[in-house]
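S.K.: Produce the entire structure from the sequences given, and follow the hints as far as they go.
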Amino acid sequence: MKNLSLLFVIVLCFSCKINNKFKPRNISKLEIKHLLEDSLLNIRAIELSNNRVWYAGSDGETGNQEIFDYQKNISESLVFKETAELYHSYDSYRFRQMNSDTTGYELRAIAKISDYFLTLTSGSPAVLTKFGSNSRDFVFSETHPKAFYDSMEFWNDKEGIAIGDPIDDCMSIIITRDGGDTWNKISCDDLPKAKEGEAAFAASDTNIAIVGDHTWVATGGKASRILYSPDKGNTWEVYDTPIIQGKETTGIYSIDFYDELNGFAIGGDYTKPDDNAANKIRTQDGGKTWQLVAENKNPGYRSCVQYIPNRGGKELVAIGFKGIDYSNDSGTTWNHLSDEGFYTIRFLNDSVAYAAGKGRVSRLTFSE
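Counting in this note's numbering, the sequence shown runs from 1 upward without gaps.
The hints are simulated quantities; they were obtained by calculation from the structure and are not laboratory data.
From a predicted model like this one, the values you see are computed outputs, not experimental measurements.
Treat the hints with caution; some may be incorrect.
What follows is a list of derived Cβ distance ranges for each label pair [unchecked claim]:
1. K23 - H336: 18 to 26 Å
2. I32 - D274: 21 to 29 Å
3. S135 - T332: 30 to 38 Å
All C-beta atoms, glycine included, are put in the ideal place defined by N, C-alpha and C.
M.R.: Pasting the structure below:
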């Protein structure tokens, strides 16, 4: 009996040690350093790759900044500046050839794979461009007046997906299996039917979340749902959400998943950014069901949410033009860190992230 009691104590202590392995931080400090400031910039799409933050924004602007040299003079740390300007010039020329009435266009989606950099325009005509060190290829275009693409992600260096608003009676979804050289649009026969007024928001290039082969696509507008594929876009199903919806400006603006089960989505109504009712939802079953969290509590409208990596799915940061907020309990409660406005954010590690918005690309350092 004594030995059994000792064994029970050992097992109990071991269990406690496992359960106490993760200890949420209480982040209360945020340092912001601007890498690039330009009043003409308006950036909603960034990626971290190869020690650089890559960005794409308004009027075809593209570029990159070296991540670890943020303290250098901007002219020293801006690598490939001449190339980035060439991208812009070449893109704009081709775009104006396709639509002579257009004087500029919006890049709202970006991807970085291997040695290539891809950008996707948001409006019509839709233009998807693949850049290499010695190449510039237009790999997909769509001239339908309703064409409007919102987000792009890759499962690996060969397979990727981009999503856009409905043209017929389903969301526009295009997929590549050859590293972005060719893209094929999925037939509406193979996708869930869109509801009236259902679309998506090109607010932060985070309408798509990927974990392994699993893919979640967030829609918004008069209907706001989750399209889910377990097999890299080969088959699809759809799930309802309780987030605010019913108007063209309401719904999910951003989604992220920590693992195959735990995900978070945020949004609201950008025309009423202080409203905090039914704008934050969480799932623990892979997106099949969603629950409202922090109901009638801040933050209000936010355009991007991201899990902080390696923090057990507990720590999140939400960002928008009204400021930056942090949660250490999977989104149940939130702490407002800054009124500084940004549109989108990506984490380098559990303490450093890069954000972009109107007029700037910045490095954010979080600490207790």
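S.K.: So, for every hint listed, does it hold in this structure?
M.R.: Results of checking the hints against the structure:
About 22 Å separates the C-beta atoms of K23 and H336, a value consistent with the hinted range of 18 to 26 Å. I32 and D274 have their C-beta atoms about 22 Å apart, which keeps the hinted 21 to 29 Å range intact. Take S135 and T332: their Cβ atoms lie about 48 Å apart, and the range 30 to 38 Å is violated.
Violated hint for the displayed structure: number 3, the only one.
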